[in-house]
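Engineer: One-letter residues, chain by chain:
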Amino acid sequence: MHWLTRLMGIFFNLFEPLFRLGQRVLGVSRIGWLFVAPNLMVFGLFTFLPILINFVYAATGGVKLMPFERPFTGVENFGILFECRNYFDIQTCRKDVFWRAIFNTAKFSVIQVVLMVGFSLVTALVLNRKIIGRGFWRGVFFYPVLLSPVVVALIWKWLLQSQGVFNAALVATGNEPIGWLTDAGWAFFWTVFVSIWAHMGFYTLILLAGLQAIPKDMYEAAEMDAASPWRTLRRITLPLLMPNLIVVLVLAMIRAVQIFDEVFVLTGGGPGSATTFIVQFIYQTGFAEQIHLYGLAAAASLVLALGLMLLTFVQLRLTKASEAGQRAR
Amino acid sequence: MSVTTFLTRTHGRGRLDWTDWLSYAYLLVGLFTMFAPILWLVMSSFKTESAIGQFPPTFLPYSQKSVTVQGHEKPLPLFLTKTESGELREMAQVRRIGIMATMVDPAKPETEIRVNINDRKPINELQFAGNNYTDLFGKFSFGKYLWNSVFITVVATLLTLLINSMAAFALSKYQFRGQKAVFMLIIATLMIPPTIILVPVFLVINSVGLLNSLWGVILPAIATPTGVFLLRQYMLTIPDELLEAARMDHASEWRIYWKIILPLSAPALAVLAIFSVMWRWNDFLLPLIVLSKPEFFTLQLALNSFQGELNTQWHYLLAMTVITLIPITLVFAFLQKYITTGIASAGVK
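Order-wise, the sequence lines are chains A and B.
Residue numbers for the first sequence follow the working numbering, so the first one is 17 and each next one is one higher.
Residue numbers for the second sequence follow the working numbering, so the first one is 321 and each next one is one higher.
Hints in this document: simulated from the structure, not taken from any laboratory.
Check each hint, because a few of them may be wrong.
In silico EDC-like links for lysine to aspartate or glutamate, alpha-carbon gap of 16 Å or less [as the list claims (entries may be wrong)]:
{"#": "1", "chain 1": "A", "residue 1": "Lys-80", "chain 2": "A", "residue 2": "Glu-305"}
{"#": "2", "chain 1": "A", "residue 1": "Lys-146", "chain 2": "B", "residue 2": "Asp-337"}
{"#": "3", "chain 1": "A", "residue 1": "Lys-146", "chain 2": "B", "residue 2": "Asp-340"}
{"#": "4", "chain 1": "B", "residue 1": "Lys-579", "chain 2": "B", "residue 2": "Glu-561"}
{"#": "5", "chain 1": "B", "residue 1": "Lys-402", "chain 2": "B", "residue 2": "Glu-445"}
{"#": "6", "chain 1": "B", "residue 1": "Lys-385", "chain 2": "B", "residue 2": "Glu-369"}
{"#": "7", "chain 1": "B", "residue 1": "Lys-428", "chain 2": "B", "residue 2": "Glu-410"}
{"#": "8", "chain 1": "B", "residue 1": "Lys-579", "chain 2": "A", "residue 2": "Glu-305"}
{"#": "9", "chain 1": "B", "residue 1": "Lys-385", "chain 2": "B", "residue 2": "Glu-445"}
Residues of chain B placed beyond 12 Å of chain A at every Cβ, according to the derived structure [said to hold, decoys possible]:
{"#": "10", "residue": "Thr-403"}
{"#": "11", "residue": "Val-414"}
{"#": "12", "residue": "Ile-433"}
{"#": "13", "residue": "Asn-451"}
{"#": "14", "residue": "Gly-458"}
{"#": "15", "residue": "Pro-540"}
{"#": "16", "residue": "Leu-556"}
{"#": "17", "residue": "Ile-558"}
{"#": "18", "residue": "Leu-584"}
{"#": "19", "residue": "Ser-612"}
Backbone N, C-alpha and C fix where the C-beta goes; we use that ideal spot for every residue, glycine too.
Okay, chain B solo, but in the shape it has when bound (with noise of 0.2 Å):
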């Protein structure tokens, strides 16, 4: 079979119809418009510093060639120069007052000439410049971001599902008095958004001496009640026959907890981890508020206050946004039947 009827093919009916066509064109104009920013801050992020600072930007980053000519230090720019005998000739430049250029052969060191500048073109060449990528490492303190935010997701995430899978324990399996109206209060602290708490959540975060703390993002954010919501309606599920049993067994009913119903929940713990994940490695007005020490900043927070500078380094903070970048995708990549289901049948996000 060929690859077009392959490609053409459809249920049911044998041949696209005019609305197949513009489905498929609506889908890749949505294609282009989702991945050609991500597609071009990827490759801007290769460029070299001068290459970033071109107008005309080109997509794959080309930089001007350079050479190391004897008795120069440094290495020095390539040019195509015309010389007065009308001849193109590649040569590097050693300065450049004014409109004219003083170039010399790689080839015979010697000898300079001067030309105007008008009569010189730059010879580019493609060349991926990794030292954006390794450069955040030593001349940032970028390690120290990178484990900011990997320190704050981890133990949030872990906290999360602890304390949350525990609650939703005591709210699918026990009935005690108040039970509702502790499940009603969780529930209702999903209508208030964070941000109209701002100002008193400062204060306490101020007052229990977590300002400029890691724990002053991650304590505030660990009782979510959406975790609680998914996990006991999984845990519903889950019979109450095998309590018993364990109860006849004596296991205590912490045991029981964490040796019966936990591995059980597995799959929704799943769900609310990668939801976790997500939520505090892209978390920005809490870290805001609560990090204003730079050593304590989240990559986010980082990135933040990068391109708030006058001169903005492009191409370390391209690189930075790329390395951010890196593990939702993988999230996105792996797991993105889990979180699609997720949303689907809670709503959560």
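In isolation and in its complexed conformation, chain A is listed as follows (with noise of 0.2 Å):
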């Protein structure tokens, strides 16, 4: 480890002469801005410019990738994403891809949603008992969360496919074999399941340290006044949990609308349009098709945005509510 060090040492020496000067010209106090700079410079270039340049794209047309090569149309982009001769009809829509997608993430969020966290819930209250190993079974529930996506996404089709374990249970049990990812209403079905698999653990940690830190003391009394497991759970557990239930809702919520690898590897968003979310059709739009709409996927992008933040607002009311009811207790 010595000669790590010694790198170390000399990689550093090098920016010393640069924040020498920079301490000179700005001052102790100021010498901030210096190490900030590379952080904001990153930022800068590859978060704000791209918000702003999203709605130049958002409010021009052609195929050109440069900004200033692309004609101006206003709000045209918006108007073709939400084109329809008939409202109550998606086949009438000019882009009824899109809003399948829409209506696609909707229901998945909503699902997936409130399973993982019943889920989550579930697991958590069942790891916060008095169980032999705990750190064992927490990791067992927590270690799919590291897998990337695209690894999940194929162990779930290694599993799934027409040959595959499933189909043998099916068959050996005398039942015909199920398409299972070629059946529109089985390929959703697990798109859910698969995204429940990989992320329950993480909101089932986020879960139990939140029961972890209710006093248990709390449970004392319960048990001196004789209070049922249930009505202990509703009245103490659940109540107290709040917080961390709102976080754990809106934090899957925001990641479920943006669901995309996994989903994009198992059933590459198929059959049909049956598993085409959001997020698919933006990359869809602007890179995997062979006329690459830019104007039309940035277009997209900004009503996911909308989304997200109408998201974000609901949150942060949710938890100014939940205090003010914790206040109130």
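These two chains come separately, so use the hints to put the complex back together.
Structural biologist: Take a look at the structure:
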């Protein structure tokens, strides 16, 4: 390890003259700017600048990548996204895939978040009991969280393919094999299942931390009063866990709305557009299809951004309400 | 003490009641659901190409036994064959035409007999196909993909640690005009998920000439708001007197940063390093739009492109998936404590 320390010393000493100069010019307190500069440059170039350019793309048409080569079209991109002859029939919309993606994303988010928070809560409650080997069991549920979305999708694709183990089990019990990923209903079910499988450990961990922060004497008092476990759960555990539950709910919602990687590898958005979600629509419109419609993709991402802003707003409201509730108690 | 009393012992209460049994049942179901798919993947990755196409699949990697027979170049598959006299013999198949197969006894390679294909059964043996793994390096540019992934992960993590700790140092140990604004600006980027600025990020990367370059994936990702936040919170707990003492000794501000603050922040840096490794190793969407040429593919992109092929070569794909799993599994096995405390305290992922 000695050579490593020396190597680091040599590396950091390279910057010494620059910072000495900076210190002489700026003074001791303002040298802080020099320290934040690299970070701000990266943020500026790859986050703040893109936010601005995104509006330019959304307001221009054509297929050119360079913003100044693109003709100004105003709100036409949004018009294309939202144009329908009959608003009660998705098929009459100009970009029916966009509407399907929005519809799928909404359906997916609600179902997935409710189930995931439910399972995470049950798991956290079980892990919070007096059980042997809690660290091990916590690890069991947490391990898939670390896996890459591509790996997660491939694991399940292998199990669910037409010759996979699920169909083998069906055939062995005398049933017909099912096209798990080629039947629209089943494909949707598996996108929900697999994303819960991969992420519930994360939310379980946050809820478990919340449960362990609840003072033990609360439960002792409840036991004295001979409160039933069910009543203890409803009157003590859940109300005190509410702040964590809200965090988990909103975090899960924001992530669910942006679902892409796992589903893209697992089903490719199919069959048809049964599992095409909004981020995949943006990716396909802007990058994957023959003609790259950057403007349309940017417009769609602004719609997504609006949705996410609404969710964040709801979170702030809920947190405030819950805090007020805590104070009133 | 017997094993059962040890396992069923609980704190306080003397025996397990039904809720305990229910809890353990739930945990066991969880164990199965979480790990059976991964176990199945690992076992399948050791199957030979022919074994992997078999239906119904077996859990263990069985494949047909084969034998080298004099006069035949390639090893021949072995079958348990019912001969005309009705006895069962182990015979190798020379060729098969329609429903008739030509069989030969390995011990007597001169005499060939013809049997109906229904009168012979393949002889299977347990065989771990290690060449699924070794072939990856010869047949595909797997070494290249692995190198790309490792390079991106290591370089991006080192740069992440460097520039985020610098920013965190400035935001925790100095008072300068605009400091609050800078901090708020950085935290605000937490609210902007990369997915909604995909198109313009692509433009920027293209304009600075980093398209199809590993740096095009590294640079946009090295400034992370969670990293700055995590490190700043930690550095706030380092007493300012240490800095004052160093200034008395005429240490430059840069020296204070790397000689005093960095070593003292080691625990927080470790947590950020673990997260950064996981983020970069598992990254998918940004590499997907930036790296379109196969020679720049990361492991994740290579996995994705292989599974999309018409004839997916599952035996190679599964082996590749297992290799991609390994680093993350090691991180999990040895550093789980850091990760879980990191998540529980900061809510980062």
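Engineer: Check each numbered hint against the structure and report the violated ones by number, ascending.
Structural biologist: Result: hints 5, 8, 15 and 19 break, sorted rising.
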